[in-house]
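K.L.:
Chain residues, written in single-letter form:
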Amino acid sequence: MKRLKHSAVCADNSFTTQSHSRASLRMLLFFAALMALLALSMLLGPSGIGIPDVESPSGSAILSLRFSRLLMGMMTGAALSASGVVFQALLRNPLAEPYVLGVSGGAGLGATLTILAGTGVVASYSLPVVAFLSAVVTLMVVYGIASQGSSGQPSVYSLILSGVIVSSICSSIIMFLVSTASVEGMHNVIWWMLGSLQPVSAGQQLLSAVLLFGALAGIWLLSPRLNALALGREMAHYQGLHADLVIVIGLLFATLLAAIAVSLSGMIGFVGLIVPHVMRAIFGPDHRKLVPLAALGGGVFLVLCDAVARTLLAPVEIPVGVVTALAGGPFFLIILQRRMKQAWIA
Amino acid sequence: MMQHDAMTFRNVSAGYKQRKVLNNVSFTVREGEFVSLIGPNGCGKSTLLKTAAALLKPLSGKVELFGQDVQHIKPALRASLLGVVPQKIESPMAFTVDQIVMNGRISSMGRWGTPSSVDHDLVERSMIYTDVLDLRERFFTELSGGEQQRVALAMVLAQDPKIIMLDESISHLDINHRQEVLQILMNLNREKQMTILLVSHDLTLSAGISDRFLLMEAGTLVKAGTPVEVLEPEVLSRVYNCDLHVQQDPYTGYLQVTGAIDSLRRRQKLNRSVHVIAGGGSGIELYRRLLIEGYDVTTGVLNRLDSDAEAARALNIPAVLEQPFSPVGSDTIAQALKMVGDSDIVILSQVPFGSGNLVNLTLAEAALNSVKPVFLADGIATRDYTEGKAALAFSTRLMQSGAKVWHSMSELMTHLQQQPDR
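Protein chains in written order, with this note's numbering: chain F, 1 to 346; chain E, 347 to 768.
Don't take every hint at face value.
To be verified - Looking from chain F toward chain E, a few residues come up when the C-beta cut is under 8 Å (computed):
#, residue
1, N227
2, H242
3, D244
4, D286
As the list claims (entries may be wrong) - Under the rule of at most 35 Å between Cα atoms (straight-line distance), these lysine-lysine pairs were calculated in the DSBU-like manner:
#, chain 1, residue 1, chain 2, residue 2
5, E, K569, E, K684
6, E, K366, E, K408
7, E, K569, E, K363
8, E, K508, F, K289
9, E, K366, F, K289
10, E, K420, F, K289
Just so you know, these hints were derived from the structure itself, not from any lab.
This structure is a prediction, so every number in the text was calculated from the model and none was measured.
By construction, the Cβ of each residue, glycine as well, lies at the ideal position given by its N, Cα and C atoms.
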């Protein structure tokens, strides 16, 4: 609305209005495509494309299973992708994402411990909480290591370097735990690590959904400040932001999102790194638009990947993390190559 | 006239963890003043700006903006009082110019970050002022350095601050846009009483537009006052460590500071050789300055592997060399005496003396005997490691026979220029 009003102010500048309407058209197409893809993923099954017979009990069960996987995919994809957007903005680095900073690794370690230690209801509720707490601890460790020797703010490079190191330490510990676990525990952890959108308990889904919306809303409120921080902490400070506070809050929200994703679906890579870039390439870097669009895009992308994962070699199910990179990679590369100019210039 | 104090530094020391950069700086900039902050590279100008903008907390003392301690002003209010245009801004992401300039309104927008019509008007006006309206749909990252600087200025103007500080922000601009930006700043200064603090390396340009100058040297404020008061050739030459001239333009009355071109011209006329007695790295700066001024330089006796010997080799300076870590022998002294015989002037650097290189002082003695000017670096007593302070005694003798003492590089260069031609 504001944009429209703004373009009316400079009505003589036809280029402005024209590019605005082109942006609106692009947005419209994007939403239409998302709806179509979501519908398609509801129709895709091991038996090919088709609407299951809703009248029959098995048909409605299939449909409800597909729907809950769709919800799982939407939540996980949205969390990963939005988390990536925030990490990339705050660190001003195109490689930043939950995995690179060790946040996912930390959440994974916490989740592994929970899976191995507990069973049943307690475990399923505590999983997101433990994942978040261990992710926050990991982030603090990474930040602490990176800050050593620098006065105040750590450099992005030392953050990423210490993130990569801490991340590998976390995965080594996970491997160690797996190798010493009981057969059943090992099975649970490995399945979970491969990443899958098997629906978790309704309670955990609800908790995750609440946290997810909370974190997304928080990030969206931060989004104008993320724009300002793109010019660096110093400039943001001059423009009257509590720059350090925004960075800390942003990192916490992004960590929470990563933890939600990990506790829901295990370790699914690629989404948090690449979806933000693609969305930025298509819609520009303004975070007020980018945050919701990346969340939506990430969710739908993961849902679609899951549909492929359970259909392609049916009845065998491919881990969805494999599909995200294998199928999504080339597709996104093409988009990025054509529109890199609008994504990231560094 | 209003004349509130816009910015006040009260005994401010500031810096980083291990390094104090500002040392007990005090000054006041009154509202509506146009002030230029000058000083050589690394003297603390940027640190001063960062401290003024509360990006750095003073180690002691305090900074006030319009009477309030800047450390206690809310960030949004601070942004409405003080805007900073940095040396360069970088956006890794492809924001349009429009979006970049809108960042200037970030702290005034509501919680939801939606710009009001006031915000849009201010953004538009700033872009018109800085002549970037045509660029509004372009990606900031694609613009030239000068265009980016103007966008940065537009962004800070959109903040609508009472004070603007520019950190060498106009040095990247081409001449017409530099004049334009300065014109904008002068208009804001005149019409809106905006206070301007400009970090500048162009002393002549600043002299034409500034009410006052602040001159910094090595973290301290050396001089504050009108351009005429601050732009004194002696002070500037010392602070900038080079020969500078200040002239008043007969037509405009503006002060003009020049230097480099004179030295270049002189360089071609010089046909004089200087022998430098150095060692332990004390000669490097001398070699550099003498070569820049256009002298033929020789040096020795030095030990091989000594950093001065390495520097002489790198600079193609003829040098007499002794074996590493050995006392200077009679053969090498004889060679060096021949070199001194061919030179016009002998300069002794701030070289420490021990028993091994004490004999180098005989070179200076020989020069004095053949009526050549000799210049000794000040403070031999503190560098004399010989038994019985032999070097100090020797140098006192040299001074009695007519050797002069130099204290700073610029003083030495002035002495050298005053030497009559051969």
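K.L.:
So which hints don't hold here, by number, going up?
P.N.:
3, 5 and 9
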